[in-house]
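Chain A is fixed; fit chain B onto it per the hints.
In case you want the letters, here they are:
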Amino acid sequence: MRNYVLVDKQSGKIINALSTTTEGVCLEPENDGQEVWEITQEEFQAILEGAYRYWNYVSQEFEPEAAYKWVLKSQEPYYAGIVTLTFTQHSWKDETTTTPVMAKVTINGDVMEVYVDDGVLEIELDCPEPAKVRVKIEANRHETYEKEVIIYDESSV
Amino acid sequence: MFGAAGAIVAAIQQKRIIKGVQSGVTAGAGNVTINSVDTTKAVVLSASKGSAGTVAATGNITLTPSGGSVTKEGGDLPYVVKGSFPTYSGSIYGGTTNLTVKVYSVRLVNPTTIYCDGPVEWQVIEYA
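So the sequences go chain by chain: A and B. According to our numbering, the stretch in the first sequence is residues 13 to 169, in order. According to our numbering, the stretch in the second sequence is residues -10 to 117, in order.
Here chain A stands alone, though its shape is the one from the complex:
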């Protein structure tokens, strides 16, 4: 049994994978921007099941579609005033990363775009009163982050 993968050299996106018992059968690149190499049966199975969608040319590993996620570092509870939410970028293996990305941040329906190149995303909320704030962060190849942040009145503590 021989297994092959066809990858786009620029993006690392997996275009196709093949498992065959016939000698001489192989995947066919459409242009010079694609390359084929042999992989293991386990890797082929993971690609077939959709677990891997990309090849990371830096780490030399296969990755899922959502290879990154945002982790909120600021501890709750949050009190009325200026609230800073600090997020760090993590890989799907839960290691901190600094992969540059344009993030789309939605706060209670208001959308803004933020370029993050150091792995840290800070959102400053100006909340003079207790409130519920819906925070959503979307970015290419990132798990979408969604949370309802509750801002309390400090006098209620």
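Hints listed in this document are in silico derivations from the structure and should not be mistaken for laboratory results. Computed from a predicted structure; not experimentally measured. Even glycine gets a Cβ: it sits at the ideal position worked out from N, Cα and C. It is possible that some hints are incorrect.
Claimed, not checked - Subject to a maximum C-alpha distance of 27 angstroms in a straight line, what follows is the list of computed DSS-like cross-link-like pairs (lysine-lysine):
(1) A/Lys148 <-> B/Lys71
(2) A/Lys144 <-> B/Lys61
(3) A/Lys21 <-> A/Lys81
(4) B/Lys71 <-> A/Lys25
Unchecked claim - Simulated restraints on C-beta separations:
(5) B/Thr60 <-> A/Lys116: 24 to 32 angstroms
(6) A/Lys116 <-> B/Thr22: 21 to 29 angstroms
(7) B/Gly56 <-> A/Ser23: 18 to 26 angstroms
(8) B/Ala41 <-> A/Glu88: 27 to 35 angstroms
(9) A/Asn68 <-> B/Thr60: 33 to 41 angstroms
(10) A/Gly45 <-> B/Leu88: 33 to 41 angstroms
(11) B/Gly83 <-> A/Asp44: 34 to 42 angstroms
(12) A/Lys159 <-> B/Asn24: 54 to 62 angstroms
(13) B/Tyr68 <-> A/Glu61: 53 to 61 angstroms
(14) A/Tyr69 <-> B/Ile81: 19 to 27 angstroms
(15) A/Glu160 <-> B/Gly72: 12 to 20 angstroms
(16) B/Gly64 <-> A/Thr110: 51 to 59 angstroms
(17) A/Glu150 <-> B/Pro100: 31 to 39 angstroms
Claimed, not checked - Some chain A residues close to chain B (C-beta under 7 angstroms, calculated; not the full set):
(18) Ala29
(19) Leu30
(20) Thr32
(21) Thr34
(22) Val37
(23) Cys38
Quick look at chain B alone, frame taken from chain A:
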């Protein structure tokens, strides 16, 4: 005696009918290079390993509102009105559901290439 020999010859000829079989499983769409076959004597068999499609539902829906409020701040003009929209929940009843399903397959492009349009298990069988 004559009958038995004839059966053996027939069995040998039967084995020679299939010249070769090539097989594989692909995970996505694209061309696959195969060993050259005579396209007039080859057939491709394929079994889809996945499917794609859409579901469209039509019918009636009754929505139940939840939450939402309007408050006025300040007694005199100009005053501020703050509000939030309610959320709605409900389910579709009656009507119809239309399901469209696509299954994947393989075709022979030329003597050395097959095209898979998605995840499929395939065999190229060449006859003598």
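Using 7 angstroms as the Cβ threshold, decide whether A/Thr34 counts as touching chain B.
With a closest approach of 4 angstroms, the A/Thr34 hint holds.
Beta-carbon spacing of A/Gly45 to B/Leu88 - inside the hinted bounds 33 to 41 angstroms or not:
Given a distance of about 37 angstroms, which is inside 33 to 41 angstroms, the answer is holds.
With a cut-off of 7 angstroms on the beta carbons, see whether A/Val37 makes it to chain B.
holds (5 angstroms)
Are B/Gly64 and A/Thr110 spaced within 51 to 59 angstroms by their CB atoms?
At roughly 53 angstroms between Cβ atoms, A/Thr110 and B/Gly64 fall inside 51 to 59 angstroms, so the hint holds.
Is the interface hint for A/Cys38 satisfied, with its Cβ closer than 7 angstroms to some Cβ of chain B?
Cβ of A/Cys38 sits 5 angstroms from chain B, so the hint holds.
Against the range 12 to 20 angstroms, how does the distance between the Cβ atoms of A/Glu160 and B/Gly72 compare: consistent or not?
holds (19 angstroms)
Falls inside 31 to 39 angstroms, the C-beta gap from A/Glu150 to B/Pro100?
Because 47 angstroms falls outside the window, the suggested range is violated.
Hint validity - A/Thr32 Cβ closer than 7 angstroms to any chain B Cβ
holds (4 angstroms)
So does B/Ala41 sit 27 to 35 angstroms from A/Glu88, Cβ to Cβ?
violated (41 angstroms)
Just to be careful: measuring from the Cβ of A/Leu30 to every Cβ in chain B, is the smallest value less than 7 angstroms?
holds (5 angstroms)
Take the C-alpha atoms of A/Lys148 and B/Lys71, compute the straight-line distance between them, and say whether it is at most 27 angstroms.
holds (23 angstroms)
34 to 42 angstroms as the expected CB spacing between A/Asp44 and B/Gly83, which holds or is violated:
violated (56 angstroms)
Of the hints listed earlier, those the structure fails to meet are numbers 4, 6, 7, 8, 9, 11, 14, 17, in rising order.
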